[in-house]
Structures are given as C-alpha cells and as structure tokens.
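Student: Sequence:
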Amino acid sequence: MKKMLLAFAIIACLLSVSNAQERISGQDVYTENEYTVQKGDTLWYLEGLQRGDSTQWRRLVELNPFLKKPGRIYYKDGMTVALIKPGEKLRGLEEMGILPLALPLSELKEAGTADNWSYFWFLVALVLFMAVVALIFYRTLLRGKRRNPVTSGEPVVPGGISPSENERVRNHFDAIANRRFASSVPNAPRPVRIGPIESGFLSGNGVVRYRDGSEQQHQLNRQPAFRARFRLPNGTEETLFFLQGCANDVTFAETRYLGFQWETEQTVMPAPTPVPAQPERVVPLRAVTDGPVATKFTVDGVEIVAPFGTELRVTGASTSLIVPQSGGEVSIRKIGKVKKSPASRKTEVAAK
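Be aware that the sequence shown starts at 1, since it is given in full-length UniProt numbering, and climbs by one per residue.
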C-alpha cells in the first residue's frame, strides 16, 4: 500500500513538472525566425494541411507548444485557424509559408484537434491526484481507528477493573445501565440485569466513551472486556459492554454489528435468581354495627355497670352477675334501687 501511494505521488509530480515546462516553453523569446503577434492577428490557412501533409501542422504545434492549450485551435470554412494573442512570439511561420492575417473572433468555432492530447493528460493528473488524497484520508482514518482504545482517552477507572473484583464489575454495570437508560423521575422503574456477567474478548467496529464524555471510533481486536444483559424499563433488552483496562463502555453502530465478535473467557457473576411473586391475600371484611356498650344495675343503693348482655341474679342474701363470654370490666358504686337490663349469652361470675 505504501509503494502504491509513493507511485501515485511520483506520477502526479512528473505531470506537474511537464505542464510547467510546457507553460514556460510557450513563453520563450526566440531570437531567430520568430514573429511578434500584433493586435487583430489570427493565424490561418496551413498549406501543408490543405495538401494533406499533416507533418506541417504538427511541426507548427511542436515549434509553438502553447498552441496545444484548450481553446487555441479552430476550424473555419474547411481551414484550420489558430487563435493567437498580441505580444506572443511565433516560430517557423516564414519557413512554412504561413502569413498572420486578421479574422474576427466571432466567426471562430472550436476544433480542439491539437488540444485533446494535453486535456487528456490534465484529466489523468487530476484523477491521480484525487486518488492519492482519498488514499491518504483512508489510511489516516484507519490509523486512528486502530489506536489503543484503553490509552486513547481519559479512563473512567484508571487501571481498569479486574475480573476477580466481581462486586466492582457488577456495580459498574449498574451505573452504566442507569446512566444510559434510567429515568430521572423518582421511584421510576430501573434497568435490571437478567443475565450473567462474563469476561472475555471483544472484536468489532465499536465506539468507546471516555470519562470526559468524548467518544472515539475504534476497530477492536480481541480487546479484554466484560458483558452483561439488562432488561430496560420499556420492556426491551440490551447487552452492555465495557473494557477491562479502563472501564469505558463500548457501543456499536446501528449496522448491528459490523465485524462484531465476542469470546467468553469466564463467568464473573451468575445471573440473578428471580424472586417469586407473593400470592395475593384476601382479607374478609367484617361488618360493624352500633349498639349498647354496657348494662347498668342498681341494687340496694349500689350501681353496677357491666358489659352489654350481663344478667343480674339475686338469690337470698347473695347477688350474682352473669356476663357474656366476651367478658369485660364491671364497676360498682353506691346509689338507689335495682334495675335490670336485657340479657344475652350467660357466663356465671361471682359478685356481691
């Protein structure tokens, strides 16, 4: 490739020198057998050409190389006309029997007989020059892509992360996923890792992101890296990568993926164990109704307040209270005669 580039450069230089010499030779001042063009002169009627002797015409062009330039040669009524400018020096006119005569420029039509050869080489030189420029640009771009991705920019973690530091690897993957895909809304769903974290070698045309936020395109060739798969909040899944030597994350173009290849070396951390969903628990509703909360009795000037549904029994000299099974507090204080309230279920409790 370098030899081809050098050959193109040499050819372009030789063509440039040839064109420069041609321009200089057209401006030479001849001291012998030359004619200085006057205003209104136009060279025409080449007798050698009329007789079919093309050597006369080519001799004139060889003696005056500037006539090869585009736009100098025309045809007029079957005769060849050469356009010349005041002050130019012409050689060989006298010995070829050619006289400079005046002819209006508006009557000329372009012929281009002697110009085509020079124009062809101009196009060849232009094409070669463009090819050299394109080749240089391509090689410069390729050289940039093949730089070391670890040292081409500021690392996220100087010195990188080792596969043995599995907790740091996991935390760094979580940070990358949250930076790229998490919502800024509080309590919004976050990306969740669903696959194992693996260490291995990454190859392909990737984009490396550096600590300062800059991105560079690199042609990775078995670059040590980590990978893990995440489920995003929108339900899609994405595989994330970052380089071991600098912890810079790597993304790939939409071509998905150009020259991409991953070689697994080892599993750094297994896939998370799914947490089983808790079954729904049905809690029955209990109706609550309002009603009496206490029963009051009065016995011989003593007031008794007992839970609702309590029954009072007086047998001879003894007095008994029968309260519901739910139980409750009984209070006694002195006041007047006995009054009885309605009763419900009965549990006998001694009271006096």
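Treat the hints as calculated values from the structure; they're not laboratory data.
Be careful, since some hints might not be right.
[Unchecked claim] Below, simulated PhoX-like cross-link-like pairs (lysine-lysine); rule was C-alpha separation at most 25 angstroms, straight line:
(1) K89 x K69
(2) K89 x K39
(3) K89 x K68
(4) K69 x K39
Student: Please verify whether K89 and K39 have alpha carbons no more than 25 angstroms apart.
Tutor: Given pair K89, K39 holds - Cα atoms ~13 angstroms apart, limit 25 angstroms.
Student: Between K89 and K69, does the CA-CA distance stay at or below 25 angstroms?
Tutor: holds, 15 angstroms
Student: Is the Cα-Cα distance between K69 and K39 25 angstroms or less?
Tutor: holds, 20 angstroms
Student: Given the hint that K89 pairs with K68, does the C-alpha gap stay at or below 25 angstroms?
Tutor: holds, 15 angstroms
Every hint, counting from the list given before, is met by this structure.
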